[in-house]
Amino acid sequence: MAGFLARRLINYVALIVVATSLAYMLAASALDPRSNYEARRPPPPPAVVDARLDELNLNNKTPVFQRYLRWSWSVLHGDFGKTTVGDPVNADLARRAGVTLRLILVGLIVGSVAGVLGGALAAVWQYGWFDRLTTAASFLVLAVPTVVLANMLIIGAVWFNDLVGAQIFLVSGETTPGLEGGFLRGAADRAQHLLLPTLSLSLGLIAVYSRYQRNMMLDVLGADFVRTARAKGLRRSTALTKHALRTALIPAVTYFAFTFGALIVGTTFTEKIFGWHGLGEQLINSIFTNDVNTVAAISCLAAFGVLVAALASDLMQAALDPRVRVG
Amino acid sequence: MSGHVTLPDEQLAEQSSPGGVGVAVPSRGRVVARRFFGSWGGRAGFALLAVMFLAAFAGPLVYPWGYTDKDFTAFLTPPSPSHWFGTLQTGADVFAVTMRGMQKSLVVGLLAALVSTALAAIVGAFAGYFLGWTDRVLMWVADLLLVLPAFLILAVMSPLFAAGQWPLFVVMLALFLWMVTSKVVRGMTLSLKEREFILAARFMGVSPTRIVFRHVIPNLSSLLVVDATLNVSAAILTETGLSYFGFGIQPPDVSLGTLIADGSKTATYAPWTFWFAAGLLIVTVLAVNLIGDALRDAFDPSARRAR
Amino acid sequence: MSDPTHPGAPVLEVADLSVTFGSGPSAVRAVRGLNYEVRPGEVLGIVGESGSGKSVASMAVMGLLPPHARVSGSVKLLGTELLGASDKRLAAFRGRTISMVFQDPLSALTPVYRVGDQIAEALTVHQDLTRAEARKRAVELLDLVGIPHPAERATAFPHEFSGGMRQRAVIAMAIANDPDVIICDEPTTALDVTIQAQVLDVLRKAQRETGAAIVMITHDLGVVAGFVDRVLVMYAGRPVEIGSVDEVYYHPLMPYTMGLLGSVPRLDQGERGRLTPIDGNPPSPAALPPGCPFEPRCRLAVPECRLAEPPLRPVRHSRHLAACIRAGEIERGVVTTVPKLPEIPEEGEERPPRESRRVVLGVEDLVKHYPLTRGAVFKRRVGTVEAVAGVSFDLREGETLGLVGESGCGKTTTLMEILKLARPQGGRVVVLGRDISGLVAADRMSVRRDMQVVFQDPMSSLDPRMTVYDILAEPLRAHRVREPGPRVRDLLRLVGLEPEHAARYPQDFSGGQRQRIGIARALALEPRLVVLDEPVSALDVSIQAGVINLLEELKARLGLSYLFVAHDLSVVRHIADRVAVMYLGRIAEVGQVDRVYDTPMHPYTQALLSAVPLPDPVVERARRRILLEGDLPSPADPPSGCRFRTRCPLYKAIGETERLRCVHEEPRVRPMGGDHGAACHYAESLDVV
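Chains as they are written, first to last, in the UniProt record's numbering: chain A, 1 to 327; chain B, 1 to 307; chain C, 1 to 689.
Do not take every clue at face value.
As the list claims (entries may be wrong) - Heads up, simulated BS3-like pairs for lysine-lysine below, C-alpha to C-alpha not over 27 Å straight-line: (1) 652/C <-> 242/A; (2) 420/C <-> 205/C; (3) 272/A <-> 265/B; (4) 555/C <-> 242/A; (5) 193/B <-> 183/B; (6) 205/C <-> 136/C; (7) 76/C <-> 88/C; (8) 70/B <-> 265/B; (9) 82/A <-> 272/A; (10) 272/A <-> 242/A; (11) 652/C <-> 205/C; (12) 76/C <-> 193/B.
Simulated from the structure, these hints should not be mistaken for laboratory data.
Work out the full structure, taking the sequences as your base and the hints as a guide.
Take a look at the structure:
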């Protein structure tokens, strides 16, 4: 068991190292931090630019591999380097990670719970009105790209706010800056801000999960053990929740690992469009500002996140399914 | 599909020879097609997609405005008989640019899906059939690509896609789409490998590579066709996301993503700049998904309808 | 229709039960008017082949069919009508008054709950018990159905139980509330024969304890013969004959019943002869022929049979009914179904004695071990499975060697090791004089040409994406034969199919026809040795007989040698010249078929043979079974010395000092006269059949 875990962890670390290194190499060769200075009016003297870029380890006149060695040495000491303006990447990302985590967690919980429930109910009432409605809705949602969905939500919110003449939905940022009032007022404000981004992030997830859970549930609805449960005198509804749904949850948990990557992309769009200052927003900004070190650091965090999700889904599967536990 | 239902030449000869009487048995392809067009989703999806294709590729031929033309007499005007979908702030015709964007989105989506599904089939089938080191290496690469943030990599590489380099964009898009499918293919290959017809071929002396291409991949074709369809929508959605932020199709070319990005800024007071592009994109992806779903049912009728 | 042996009012009355799936022209009428009743303590057998509607009917009685099935007629349980009752009302009956044992024990239990809890749930649904009381009662029930260490095993999960133990757990659940009727739907079909004997014994005990009536649904005529009082034969969704088991078996009145009984190979009959298959295939329930549905396959059919479906009516007396217009003639002995079949060309006469014939396949001390891993997510190696632990046998030219044993005995692994043509982990395999461990690629191809294989499952042994032509041409192409066309035509004729069938896909054929295609493919390269892996076990008896006849005929005509792997001992007796019995990776006994079956020496062979039910009610009732205790030990941790000693009845009968030898010394196969050998220190013959 210990040996097995160790081997898996080593593999994970190797994946993170290779992924991050690849991302660094790519970013270091494709992005051009020098252009940030050349665009200034008046342009600073080349010697000054070179010195500044050397200090930040961003000078494209230094061979990529040499920059990579210097970068990886500092990463080994827990330092992801500096941004193009000279701020430490670590501090900036640590601040932003909290924002992203809040958004992802809420979106994930809302998305998976609502999706699993909706899918299970749709399967139980197969071809009933609920099934048809959720099927049609999920088809529609899956056809709408997150960027379009987010914009549609904003347009709808603006229209609604105009209609009722009050700021019900707040579409920019996490909180209203300089808000007065007590804790309750603050919490309400946060909730108002959270509503639309959560919706934009989790609607797609609900659609995906409900389709998947519906199929999983349909597979077990006809299973022999559900029939056995009913044959011993359980009512259909009891047999379905206690025996069918419980068993159909297992594959949904494995599916979780696969959706995590999509969730990261979704967060990127959502943060950028709703003006949340999280990792996703910084990812897009960093490419525009040719910020090689931030790009590499975010790649590392994303890889880490995906692997944590994979591990979590394995552990949850082991918790739910006695067959995969080590006996 | 046609690849699996066409008969080899010698067999055709056999059937047309006086000795062998051809028996009219509906081929698998025809059965699937009948079931596909028998479903509501299949008909609707196919019709919608056909209309989209026709509009995107034939529309510009008959429409007076080109996607690079500017009408300096009409800036940001609502839809009218002379500009069907209205105009942009620059005076560009919305219908012309939207059709151009749709052409790009459709072509990019279809090609990326084709490449990624082929890659997934070959990698997954070889990993699952040969196991050992082949499997370990291939699956490690798949894991690596799953762990790499695809959006970021594609965005970083966006300068390379400028100036008509969109085929490279297609290849890169496909490179980040195949992993999950290849894992599914690998898993199915593992169980297929134990099936008796594969064992029979092995014990007959058929070579392993031939078994993979002749028995394994054809028997996964239903999964692959469905997956290719769903990859079309995945590719279109990814392309839209990237282009929205300026990392995909580069100016002067346009795609639905760039149009939606521009349109979203003027959407509240000039809805035609946003809604036509967004609506057509949604309809396209919806059509592709409907086709994928109907195909899945058509290939495996026991999966849902029979219950 | 009062029954003298089982007095009392019927507990379950089924009248005019019909089940239809779908509607319009594509509607499938799975059950078309079923009538029966059972009285307290009575056992009714319902016999039929796959697709006869027997399982659908039992699900309809339980009210467990999916909602889109349309059920009509009447099902009365203790006088209460069940059809049309609400789920809530039915749930109160299910498990309490009427309970059910299902076919596949592997999937019948919810994988995520403990076995004891699942049994306790059956109790708490109907009785007002505390959790602790229910658990305690669950342990008692597990003990009753013969599960060792019940208190401990109650906390196990279903995947930790063997198939036989799971079926016992399902039976425990079924008898938990002392029901009046137990419906058993093929309860032993998925089990090995010694486990089947145990489970049938448990069912008999359960019936004694509860006094319940049992409805036993099965396709196995042997199981029915020994277990039931009355038997009902179903064909195409309808009952075609019903009567006491003796009357139906010894004086069948319906040609279908006669055909079924004639097509079963008998364990107790050694003489060579062809089986009498029923021609054709069962009709599709979606497209029934007009008139009597059996008419197209019936040897006694007359034109009137096509006019109308004959009703089920009393023939001999009020309790023996048959649905055949000629039943009266059959009863008077005016007509008979015994056909005149050509005998197989005799091969034994001028055949040289066995010793002077060439060895086609020689296996010496073959060993195959593979790692045992646990856990799907956290995989780790926990031991080594000794699947094949030193197996030796030889197969001579023109001979059929039957390799028999229960699941887990290593017979399939042995076969795969031979077919792989790779160097074995231990021992030697010699095919047609060539040792397979030293083969180079070209030699391997030529050995492959001479040794071909037929697999068990006709559904999975043919690539569904290829036409029959491509399937048959594949071996020819792999061995660079130009122009496979004429050969494919010949092959199809050889196995009794039409050359026009070449353009079709496997899905267009019935199971028996598919198996014929599989046999044709194996013969494409004119092999000398054919390895058959359970070639008829997936087929219905009436179809199976035709395939067995074909195999025998081909062997005689083409001078083939067969290695015939099977678990069905009756089939092996019918087709094989010699037999090797395997237990836990080793050969227990080997010899001439008639000698091994008539005077088995090894205690395992004796138990195995005694466990096979015979389709003969009188013989079956008089037989004494040797019941083996427990399950097959894990091949990852086999017992020391003799591998069979943990379950051996002989081991229990001998003294302490003699036992020491069994514990410490591994018995080798020792000669018992002629080429008959048994791997037992204290082997003695016993008449068990």
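Outcome of the hint check:
1. Restraint check for residue 652/C and residue 242/A: the C-alpha separation of about 45 Å exceeds 27 Å, so the hint is violated.
2. Under the criterion of a C-alpha separation no larger than 27 Å, the hint pairing residue 420/C with residue 205/C is inconsistent with the structure, at around 46 Å.
3. Proximity of residue 272/A to residue 265/B is assessed by CA-CA distance (about 14 Å); at most 27 Å being required, the pair is judged to hold.
4. Distance check on the hinted pair: residue 555/C and residue 242/A sit about 56 Å apart at the alpha-carbon level, beyond 27 Å; violated.
5. Annotation: proposed proximity of residue 193/B to residue 183/B holds, straight-line Cα distance about 15 Å (limit 27 Å).
6. Between residue 205/C and residue 136/C, the direct Cα distance comes to roughly 20 Å. Compliance with the 27 Å bound is thereby established for this hinted pair.
7. A distance of roughly 17 Å separates the Cα atoms of residue 76/C and residue 88/C; the hinted pair therefore holds under the 27 Å criterion.
8. Distance check on the hinted pair: residue 70/B and residue 265/B sit about 20 Å apart at the alpha-carbon level, within 27 Å; holds.
9. Between the alpha carbons of residue 82/A and residue 272/A the distance comes to roughly 22 Å, so the proposed pair stays at or under 27 Å and holds.
10. Proposed proximity of residue 272/A and residue 242/A is contradicted: the alpha carbons are some 42 Å apart, above 27 Å.
11. Between residue 652/C and residue 205/C, the direct Cα distance comes to roughly 24 Å. Compliance with the 27 Å bound is thereby established for this hinted pair.
12. A hinted pair counts as satisfied when its Cα atoms are at most 27 Å apart, and residue 76/C with residue 193/B does not qualify at roughly 49 Å.
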